[in-house]
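Modelling step: build the complete structure from the supplied sequences, incorporating the hints.
The listed protein sequences correspond, in order, to chains L, E, D, V, W and Y.
Residue numbers for the first sequence follow numbering that gives the first Met the number 0, beginning at 0 and rising by one.
Residue numbers for the second sequence follow numbering that gives the first Met the number 0, beginning at 0 and rising by one.
Residue numbers for the third sequence follow numbering that gives the first Met the number 0, beginning at 0 and rising by one.
Residue numbers for the fourth sequence follow numbering that gives the first Met the number 0, beginning at 0 and rising by one.
Residue numbers for the fifth sequence follow numbering that gives the first Met the number 0, beginning at 0 and rising by one.
Residue numbers for the sixth sequence follow numbering that gives the first Met the number 0, beginning at 0 and rising by one.
It is worth saying that the hints were derived from the structure and are not from the lab.
Be a bit skeptical, because a hint or two may be false.
[As the list claims (entries may be wrong)] Partner residues aside, some chain W positions facing chain Y, computed with beta carbon under 8 Å:
id : residue
1  : A98
2  : D104
3  : P112
4  : K116
5  : D124
6  : W161
For each residue, glycine too, the CB sits at the ideal point set by N, CA and C.
Each chain is listed here by its residues.
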Amino acid sequence: MSPDFAITLVYIGYALAVLLTFGAILTWVERKQAAIMSDRIGANRAYLRIPFTQVKLVWLGLFHGMADGLKLLLKEDFKPVTYDKLGYALGPWLAFTPVVLVFAVIPFGGTLDPGALFPSLADWFDGRTYPMQIAPLDAGLLVVFAFGGIAIIGAMLAGWSSSNKFSMLGALRAGSQLISYELVMGLTVLGLILIYGTVDLDAMVRHQSGTVLGFLPAWGIVYQPLAAILFLTAGIAENKRIPFDLPEAESELISGYFTEYSAMKQGMFMLSEFIEIAIIAALFTTLFLGGYNLPWLTDAGFVFPGGATFELGHGAVVAIQVVTFLAKVFLLCSFQILIRWTLPRFRWDQLLGFAWKFLLPLSIANLVVTAVAVWALT
Amino acid sequence: MSLETLLLYFFAAAALAGGVLMLIARHPMRVALALISSMISLAGIYAILGVHVIAVFQVLIYVGAVMVFMVYVIMLLDVRDPAFLERYGRAVVPSVAVAAVLSVALGAAVSRGRIMSADYLAGLHSNSMAASFEVQPFSVEFLERYWLHFELTSVLLLAAVVAAIAVVKAGRRHDG
Amino acid sequence: MDRTQLLLTLSITLFALGLIGVMVRRNALVMLMCMELMLNGVILSLVTFAAHSATLSGAVLVFLVFVVAAAEIAIAIPIVLLLSRQRHTLDVSAYSELKG
Amino acid sequence: MPGRQLIMSFPVTATSHSLAEYRARGGYQALEKALKTMQPAGIIKEITASGLQGRGGAAFSMGRKWQVIVYDDGQPHYLIANADEGEPGTFKDRWILENNPHVLLESMLIASYALNVRNCFVYIRGEFDLPYRRLAAAVEEAYAAGYFGERILGTDFSCDIVVYRGAGAYVAGEASGLIASLEGKKSYPRNRPPRLTVKGLYQRPTVVNNVESLSNIAWIIAHGAAAYKEVGTPKSPGTRLFSVSGHVNKPGVYEVELGYPWMKFLDEDCGGIVGGKPIKCVVPGGVSSKVLTGAEIKELVLSHEALWDAGSTLGSGGMIVIAEGTCMVTLSQILMRFYHHESCGQCTPCRHGTGWLHRIMDRIVAGNGRPEDIERLYYISKFNDGTTICGLGDAAGYAMSGILDKFRDEFEYYIEHKRSRYDGNLECLKSS
Amino acid sequence: MSSRKPYVRKRYWNEPEMGWYERSYFFEIWRGIRITGGVFLANMWKWMTGRKGALTAYYPEEIRADYAAHNRGKHILTQRPDGRPQCVACNMCATVCPAQVIEIDAAFDPDDPEHPKYPSRFEIDYSRCVFCGLCVEACPEDAIRMVKETPDLPGFDRGRMWLKQDELLNWQPKQDVAKPYPAAGAGRTRGAP
Amino acid sequence: MPEIFLNGQAVQAREDQTVLQVALENGVFVPYFCWHPHLSTAGNCRMCLVEVEGRGLDIACNMPVSAGMKVFTDSDDVKAHRKAILQFITLNHPVDCGICDKAGECTLQDYHYAYNGEPSLSVDAKVRSTKYYNLSNRILLDNERCILCLRCTRFTHEISKSMALGIERRGDVSNIRPVEDRPLGEDPYSDNIVDLCPVGALQSRQFLYKSRVWYLKATPSVCPGCERGCTIQVWHRKPEWFVKSLDQRQNTSIARITPLENPAVNGPWICNKGRDLARIFERVRADQPMLKGRPVPVAEAIDAARRLIGAARHPVALVSNWGSNEELDSFKRHLGEVFVHAHVKTDWQPEEGERLEDDLLIRPDKNPNTAKARELFDMGEPNYHDGTDLVLVWGEGYDFSRIPPQAKIIFLNSYLAPENGHADVFLPLSIQTERAGHYTNFQGVVSKFEPCFPKGEAVLDAEALFKALEAPPRGHT
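Right, dumping it as structure tokens:
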């Protein structure tokens, strides 16, 4: 086994662990946060009983997620009578896989020097360093959008093959909504690409280390505040969550394109939704919030503007970076949930009008202004 | 055989299988799925060849845009159409013959390897710069050497958009 | 057979398959998709040559082909939609006489 | 005796009911006259001309009734003498059956001849023991004398008679109930149409007549219709037997020529009221007729039209005289008990209405009356009236509403004070 | 072909005219987020400092103490002095029930001519009962009543949420038909002696 | 044709009609209890009082029409009297609708709501009487509810001629009572009086407290009890009132059976056997196809039967005379060529003590469709010979020992029977309540029956089965 391969495996393991944990935890966070927002208690019933005792571990209802998962796994998998069984079976996978794969290109930490971390393995690694990113692709951002495109097909296929009018409607909505907002998303990001001059996500994050004007962190959101807002909006829309949950609007379409799905197939849709929250948050963090960067944190530790330094070992730096990234992602997830429980659903024509008549011109304007500014400054 | 070669063979086989399935599948949606799998496989091949930009755009444009549009239309026109069940027209034999003749002719050329001759390649290399398929060099090259083509395609796209709208409007007008 | 030959063969095959599809299949949408397959075969050959010869022009040409493909779809599909609205079928044999 | 006598024209002795004495009084000569000299149609014409009215209560012209019978319609006809005398206060037929049965038999023979009847019946009340024995004996005698059987008196006319004892039901006195009883069924009165003269006994034309009405026929045939017309008033010719009971000194059966002054009849013939009390009211013709107060009868004469004008009827001739000091509430309770008991239970209003009346009266008498009970009694009486097959329900209603109309204050007193104004007194002697 | 009019969305009489400010959504959205986020943070602070940040009760551990005075939450069957149900199984309640939750099996008791028909089974599906009280209104015998108690509504098995006759007959004060319905606030319904 | 005026409307009437008949024919409803079109006129309920101009009130049911009479069925006087009569009836009629099986289809209830609508004016105690009197082992009499319309006594006197009922005592304590030496239990038509009773005084013991009538609905059907083929109504629970907690069998069982009036066949009557159809239909059903007693899937059993039919050289069929016209036709059409020797089998023999024949309804042949079967197939015992290698027995009631031992047996039956397991192929059939069809009675009148219960999963409809059996077995083309 080559060290490269080993490190990649470790990264993949980490990514999967984080993603699935986020998926599971977010189901609980969503409930609990919604409850707290609306003066309720929220999940508080499911418990684990320590065997042979009467001690019940409730833990604020954390086990609800586990119960959900078990339930989804163990439930009967109803299959509707459909004329396309293949499409029906393929749908959830096409919706789920791309979402998970996107994490491959997102950097979740700085540069890892395993040799420095584990001196005993230093020989094996031979001083090589690795960016903390599963697939350090130079076209990273484009990959994100490419996978997004595949996910659209998953949702549409699922809705179409269910032989259900509600699902069909949901699928049609999903198709048009996702395409519209993906366009907006791409255009908002173009400004950043102009500034950073790259689409490699790791390079973008590195651009955001340091500060501007001495006190502001050099994050994308500082350069491109409008793009940040537009991107987050479009991202939530991509995720098909309230206020953009038209494709699965309960009150209109039962469950939209996955109405006919049950058991774990439905679970995959739900899970992909929650993972996508994390993905959107991670992407936003990477693009606009400086990724794993903290102001004044360098590979050697904190270097404050006054010249004061706070030396840190490589392990500590890596740990701080990873935790920073996770914390940012988590806060953004929470923010998305906040929005989900704050806003009412759009009307369908408002939704598309919002994308094409408001977000798109704004993002183009943003792009033009950015382009002019970049041209003028360079 | 290296991992890359293995993957290459795998993707090639997958692309071929997708192409064959397109002919076999009855329902347009199945055909579309086969085409998508074929396209993704091709993207994989491009990625292995190191042309990441093309690979990504293959997925982004073909799968993410063209095929989504296609699937959308298939869903919209989801009528129980005899054309869905009637798989082939009458021109099976001639078409297969034409395709066979074409592929044999091209295949012969490929197998003789004339086009891959060293002189030819040398001729190509002579007027190329340090070719890199990295995104940044590629983009710079693209926009500096081929900016006219690029702009012309945008004109083409504009024309296409206008034409599409015109077609739709014409249909509407015809309707009433 | 080296890599280039393999890919060229694949590109020829895909093109041929697409050609057969366009000629044989009767569903307008399927025919469109077969055309896409033909385009893909061409793109593959372009990319192969580009990679083989380490020149960019092939790759650039691919972009042009992408654009053409997108434009083609953008126009072809409204036409198909209009046709199907008129004849209520996607069978191209129904359009053999192109009268309003 | 008030006026001329047609039936009670002889002194009653121990043997006055026998054939021999009847013949000695000129009996069966009318029969001979009828059979030998008259045509059936002539007899009917004679009876019609006489203006004889039914004595059972309805006072319907007998001749008109008989005229319905088609003499020669090829089916047997039946004649029934209704001797089921069950009306409270009425016992006049009993006098005829006991003391002059042959006048009934002779009249029936004449009627049978007139109506082409081969079999005639006497439906006699089951409780009439002596009358039955007398009548049975008379029938024996008549058969023995050849007045019944084949070829009577040498003519082609043949007639048989059957004496049938009822089993004790008031409704069996109603003609159709009587027929049902005679047929062996429960004595349920029957709906008209068809009328009994069209479909009666055994679904054949049948004439049912009261004993007293029939008994007049012999006299009419013997003396002619014109002579009969001279008796009584023009509108109600003839005499009537009145069975007078109640608070009079001399109760009994009296034959009164119609048109005779009422008070004179009571004061002179019946010996006046017990104890010389004023008359409180009189039930003129059986309890089914409405009572008349003492003041009302002062100027009245005994005739059908006079009583109809006064809102009552001579009915069956059962005159009950009630003196002042009698409790009408208790009296009506007794009356209602009678009707309740005698209702056959066929028709809904009568079946439940009589019981309802009885229960309300019982309650009032027991001191649990309610003010609305009087209205309720009126209500029941009203809706009993005319909505039933026979007249029993109507009769109960008439009796009740008649008493209520005249003595409502007494009821109100009873309900209010939970006791009778006259201490529930029915016997005149007791109170004074 | 039918003439197709361009789609014009229906305007409602009370539809507000939105200016650019509202139309751009973001400012209004920000306002909304400020409100909900504020509540969230405040409640979160309460939670983190160990106070309860919610108004909801933990049912069934916590039961509201302030049920309305006229709350009638549980059905009972009244009894004759001998303990048998006053019900004559006439099915009036079952018929009037809008949720169709009452099911009665009738039986014939030839030994008791006064009450020949009695319920052999009387069951109420509490998982679907809407507590409308129509059964009480419909009962001609005053046999079914609703009392102030609250039944154990939650359960793990819908099949076991049928209230059976023996439970319905738990109600202690045995009484006859003539006994009037307890007046409101009489306070005799809950576990009277 | 005298013309009379009903509420001012001139209508045509026949001379022999009564005003009530004319009114009902012309859509003017006049309420009545005691009148019944097939019984004599009693005229004692007084409910049908109408007002005739110039004549006052009289009952319409006994009023012959005369030309030009002006009848008012809804004048104020009539209304008041109707109301009063209902008051009189409810005076002693107990208000125990809650426990009365007639509630919901009770004439008195209907009239009370239509014409009275007030509680009883009486404050006195009602007349109590026998609450439960055993008229027979089929019928209970509640004298308190009886309104003495005498329909039942008239029925026993005029229709069934058993003379079994009469009235005892008089007035408001009158009671219907059986005549001592004429027990009602021996009257095979006795249950009709339950239907005749306008109130709930006569109660069928079978139906006693079984269900409220508004939970039930009636499906028209034909009584298979004899070749008369009386049309009946099968009452069963409405789907919306299916019980969920109580015995689920209530949902798919026959609650009761009443006659469906059919002038061509049975008039408004049926016999008691027709009321007891549940006894026939609710026997334990066979619901599993079997090969020699071994349960197999339907398709396999049908295939085995096809193979047997295909291989047979001298097949004999015994056709059920309980099959509907459609099924018999289907047998003739699809299997008639194979089974040249098809004989009608008598499925149901008269039971011991059962009345064989009378001049009202009951016929000696206790099978519903012998007429149609006879039309299509031979009668009589089939002539087996040594070559007989297949016997198809359709329906029950055949003694298998008569079948030559070498012959294979295909047995089609609906009920559990020992023979089912002995047959080489056994196929369960649906019964009459699970399928639609027609029966032809002995007079040639065709009557329709409709399904009311679902059939079991593996239970087959004979009509489709015969069609399936015609096809060659799988694997042989």
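Cross-check of the supplied hints:
1. Among the interface hints, the one on A98 of chain W is violated; its C-beta lies about 12 Å from the nearest C-beta in chain Y, farther than the 8 Å criterion.
2. Restraint check, D104 of chain W versus chain Y: the minimum CB separation of about 5 Å is within 8 Å; hint holds.
3. Restraint check, P112 of chain W versus chain Y: the minimum CB separation of about 4 Å is within 8 Å; hint holds.
4. The criterion of a C-beta within 8 Å of any C-beta in chain Y is met by K116 of chain W, whose closest approach is roughly 4 Å, and the hint holds.
5. Interface restraint check for D124 of chain W: the shortest CB-CB distance to chain Y comes to about 7 Å, inside 8 Å, so the restraint holds.
6. Contact between W161 of chain W and chain Y, as hinted, is supported at the beta carbon level, the nearest pair being about 5 Å apart and thus within 8 Å.
Figure legend: structure checked against the earlier numbered hints; the only hint not met is number 1.
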